[in-house]
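Chain B: place on chain A using the hints.
Here are the chains, one letter per residue:
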Amino acid sequence: MNIVWAVLMIIGVGYGLLNGQEATALGNTLTKSGEQAIALTMGLVGIVAFWSGLNRIAEKAGLVRSLGHLLRPLFQFMFPSLKEHDAALSAVVMNVCATLLGLGNAATPLGLEAMRQMQSRNPQPDTATDAMCTLLALNTTGLTIFPATVIGLRIAAKSANPTAIVASTLLASIIATITGLVVDRVLRRRWRP
Amino acid sequence: MIVLLICMLIVVVGVIRKVPVFDEFVEGAKHGAMTTIRLFPFILAMILAINTLQGSGLLNVLMDRVGGGLEHFGFPKEVLPLVLLRPLTGSGSLAVTAKILEQQGPDSFIGLVASTIQGSTDTTFYIITVYFGAIGIKKIRHSLMTGLIADLAGVVAAVFVCTKLFT
Chain A
1 MNIVWAVLMI IGVGYGLLNG QEATALGNTL TKSGEQAIAL TMGLVGIVAF WSGLNRIAEK
61 AGLVRSLGHL LRPLFQFMFP SLKEHDAALS AVVMNVCATL LGLGNAATPL GLEAMRQMQS
121 RNPQPDTATD AMCTLLALNT TGLTIFPATV IGLRIAAKSA NPTAIVASTL LASIIATITG
181 LVVDRVLRRR WRP
Chain B
194 MIVLLICMLI VVVGVIRKVP VFDEFVEGAK HGAMTTIRLF PFILAMILAI NTLQGSGLLN
254 VLMDRVGGGL EHFGFPKEVL PLVLLRPLTG SGSLAVTAKI LEQQGPDSFI GLVASTIQGS
314 TDTTFYIITV YFGAIGIKKI RHSLMTGLIA DLAGVVAAVF VCTKLFT
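Going down the list, the sequences are from chains A and B. Position one of the first sequence corresponds to residue 1 (this note's numbering), numbered consecutively onward. Position one of the second sequence corresponds to residue 194 (this note's numbering), numbered consecutively onward.
Read the hints as simulated data drawn from the structure, not as lab findings. Any given hint might turn out to be false.
What the hints assert, rightly or not - Chain A regions said to be covered by chain B (calculated; three or more residues, Cβ under 8 angstroms):
{"#": "1", "region": "39 to 52"}
{"#": "2", "region": "60 to 72"}
{"#": "3", "region": "88 to 94"}
{"#": "4", "region": "126 to 134"}
{"#": "5", "region": "158 to 169"}
{"#": "6", "region": "174 to 185"}
For each residue, glycine too, the CB sits at the ideal point set by N, CA and C.
Only chain A is shown next, with the shape it has when bound in the complex (with noise of 0.2 angstroms):
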């Protein structure tokens, strides 16, 4: 991350340089973008706090836990090395559960919980196991039925409609998981551990 920062500010203001740019110019951009920067945030904080404190209910009436329960079966399609292997698999649908959800914060705990299961029965603790390529090839691809996040952009946007995005988003989210998963079982036999 250090170096991807480094690399666009140094070529930024070094092409702009060359490239003739007044020096003042250059500085108006960068004082500009503090003001950007807080009314981005102030957009988000709104739309991201309701979104948690009403996910905060769900979890707590264990609507997360009857979602889990739900798909269960899918899971045990998905992941079928963990047939006998309960807690890491519990974790898994808790995971992605919580990544439907929105739940950025509490899915990463739980994604973590679920490597470390996973890792416990792992014949070679240096090598990925086909089930954790899986769960992150699920965790890659973004799937989420509010993506609260875009829909504060859009309102720091004055957008006239900032929820007309979430059914495009919910389609392309879902080809892009169908996508991954198929791509998971393609690579898997290339890439034998």
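Just chain B now, kept in the frame of chain A:
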């Protein structure tokens, strides 16, 4: 509409299951707000980097060179920086999406595509680093490749779905 129904459902189930709904809502909202505010320095750093890149003119040069060819496939070149940054950095892609929404308008076609991409892909590199790093896995096999292909599928799907739904 769907969003409102979900809200109602959550509150109704909460009341039925005797959850102190107001207290828990406030508690959750507090966490959400704190997390977002803690994100501010990261957002600032990335907005700074992206404004610098754009102010220098380099971003436009890159977009024209690489993105020009993509336009033939109905792919708006304005979202190219987002596609490239998305797997690398969460705050960076947030900053780029915000920039696109500001310049193109959040309800324009490009704005809708950018929003959909932002929502349907994730920071693959970051997730892989955190998840495998936590348990000391060195050989990650095909997982990075899988994540990146899925991200690409998300981008293509976003453009396709938005073209069908919004034009």
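Open item on the list: Taking beta carbons only, do three or more residues of the region 60 to 72 of chain A come closer than 8 angstroms to chain B?
Closed with: holds (count 4)
Task: Per-stretch coverage check for the region 174 to 185 of chain A, three Cβ contacts closer than 8 angstroms to chain B - done: holds (count 7)
- [ ] Check whether three or more residues of the region 126 to 134 of chain A sit with their beta carbon closer than 8 angstroms to a beta carbon of chain B.
- [x] It holds: at least three residues are needed, and the region 126 to 134 of chain A offers 5 whose Cβ sits within less than 8 angstroms of chain B.
Task: Cβ contact check, 8 angstroms cutoff: the region 88 to 94 of chain A against chain B, three residues minimum - done: violated (count 0)
Task: Given coverage of the region 158 to 169 of chain A by chain B, tested with a Cβ cutoff of 8 angstroms and a minimum of 3 residues - done: As far as the region 158 to 169 of chain A goes, the hint holds, because 12 residues have Cβ atoms under 8 angstroms from chain B.
Open item on the list: Is the listed coverage of the region 39 to 52 of chain A by chain B valid when you require three or more residues with a beta carbon under 8 angstroms from a beta carbon of that chain?
Closed with: Contact hint for the region 39 to 52 of chain A vs chain B: holds, 9 residues under 8 angstroms.
Checked against the numbered hints above, the structure breaks only hint 3 and satisfies the rest.
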